[in-house]
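There are 2 protein chains.
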Amino acid sequence: MSEISLGDAARVLKLTVAYDGTDFHGFAAQRDTRTVAGELGVALGKVLRTTPDALELTCAGRTDAGVHAWGQVVSVPLAGAGADPDVDTDRIARSVSSLLGPELVVRDASWADAGFDARRSATWRAYRYTIVNRPVPDPFLARHAWWVPEPLELRVLRMGADPFLGEHDFAAFCRKGPEGSTSVRRVLDTTWHDLGDGVLRFDIRATAFCWQMVRSIVGTLVDVGVGKLRPSDVMRILRSRDRQAAGRVAPPQGLTLWEVGYE
Amino acid sequence: MSEISLGDAARVLKLTVAYDGTDFHGFAAQRDTRTVAGELGVALGKVLRTTPDALELTCAGRTDAGVHAWGQVVSVPLAGAGADPDVDTDRIARSVSSLLGPELVVRDASWADAGFDARRSATWRAYRYTIVNRPVPDPFLARHAWWVPEPLELRVLRMGADPFLGEHDFAAFCRKGPEGSTSVRRVLDTTWHDLGDGVLRFDIRATAFCWQMVRSIVGTLVDVGVGKLRPSDVMRILRSRDRQAAGRVAPPQGLTLWEVGYE
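Chains as they are written, first to last, in the numbering used here: chain A, 357 to 619; chain B, 357 to 619.
A portion of the hints provided could be inaccurate.
[As the list claims (entries may be wrong)] With a Cα cut of at most 35 Å, we get these calculated DSBU-like pairs of lysine-lysine:
#, chain 1, residue 1, chain 2, residue 2
1, B, Lys532, B, Lys584
2, B, Lys402, A, Lys584
3, A, Lys532, A, Lys584
4, B, Lys402, A, Lys402
[To be verified] Taking CB as the label site, the calculated pair distances span:
#, chain 1, residue 1, chain 2, residue 2, range
5, A, Glu506, B, Ser596, 52 to 60 Å
6, A, Gly617, B, Arg405, 27 to 35 Å
7, A, Ala366, B, Gly457, 49 to 57 Å
8, A, Ala601, B, Thr547, 47 to 55 Å
9, A, Gly471, B, Asp518, 56 to 64 Å
If you're looking for bench data, these hints aren't it; they were derived computationally from the structure.
Note that beta-carbon positions come from the ideal geometry of N, C-alpha and C, so glycine has one too.
Please model the complete structure; the sequences and the hints are all you need to start from.
Structure follows, in structure tokens:
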């Protein structure tokens, strides 16, 4: 077994990971619970011939239970034999994926510099939220979309999304973080797509997001879309910085961490 | 409770049903097992205020465990109060769907003539089979596609599919049916679609199919696509009428009963 010490990490393994979050209790490792980091750590430990406890997995965006990812980025500092630059990262990706179920795969693996950290080095995150807007739910999209039977007006959804652009205090759209943490974030772009057959997708990219921010934004926009709120209410709620002022929180299954950007 | 007698069925309820077959043991009702007919019968019984045993559900295509449907058609002969022509079929569809999980929904309900039978009245069935042809599996398509990592050539898949067109004895591509049953079927059209990003879809329409016919055809075509068989072998296998001569059987999760045609 290789001796892996994090103190003198020589290299950092950068993984791009996709998962169907339905049957995971989120990303972060928890004892006696199936999580993405838990499953990934066990498989990676086997492939790198070390114990999962010796590996420190950091992700770009901590997804909640039921939330999916297509381009989640995970960094793992390695030292000793695990950091051997001759180790073929494609083989690591294939070997780890083959140990995991089809609901969790390593799409890509590469070496990054010793200073690379999936969370701190990220410059933006892009999320997608999918809605099925039809009178009848769709069994094929049940795990990956929110079913909203009331007709939504795309024009109104788009008007509602405008105020989020730019830098704001998103306190009204975030679950409270640790004491003293800021809820100021910069939203870079938002787009509503009509994918046809009543399938709508909201894309949002920001430097970073606070906890449940995308789901709170989508929940409020759907309240606007069905007429419970007016588009002009969005700016008022945003300015209030009052968590109670926002609409409902959209359910987790519609949300996917799509891509993470680095310099 | 209404008295429903099948002997003097006055009307037939025609349902168009969609389901994600992953967690069902196929369509046909079985005791102590979760099946589509079982769940549907219980919900329909509640809505029509009768016992599920009083309802006889006939489907257009008996899907195996793990096989999905978008346009499965189910007929239910009704008599007595259940056959009341004033009953709003849209309400039946909505009420039944609301009693079921999102993995099984009634997309449409309407009244058909007393002689209508979802299986016997059908003039054609269309199935779709989805393949993810990439080096790495796709977590989002794991429940709805077959992952084939070896590169497939669409041109070769299309050449392989040509011999199936028209009327043939499909004995080599069917699991044996009841004694004396025929395996002669007429295939009306087949198409391979490249949906991009390595997703391939095979569409096949026939007057009727025998047991595991689509999955046997797709399994053999994939053997052709990866070079284990030549396109010219397909005609030879078809003519052999020998079950052992065909390639593997494609797994159920890629298959969807898409649509059923009636006069």
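Comparing the hints with the structure gives:
no., hint, in the structure
1, B:Lys532 with B:Lys584, "25 Å, holds"
2, B:Lys402 with A:Lys584, "33 Å, holds"
3, A:Lys532 with A:Lys584, "25 Å, holds"
4, B:Lys402 with A:Lys402, "52 Å, violated"
5, A:Glu506 with B:Ser596: 52 to 60 Å, "57 Å, holds"
6, A:Gly617 with B:Arg405: 27 to 35 Å, "58 Å, violated"
7, A:Ala366 with B:Gly457: 49 to 57 Å, "50 Å, holds"
8, A:Ala601 with B:Thr547: 47 to 55 Å, "52 Å, holds"
9, A:Gly471 with B:Asp518: 56 to 64 Å, "58 Å, holds"
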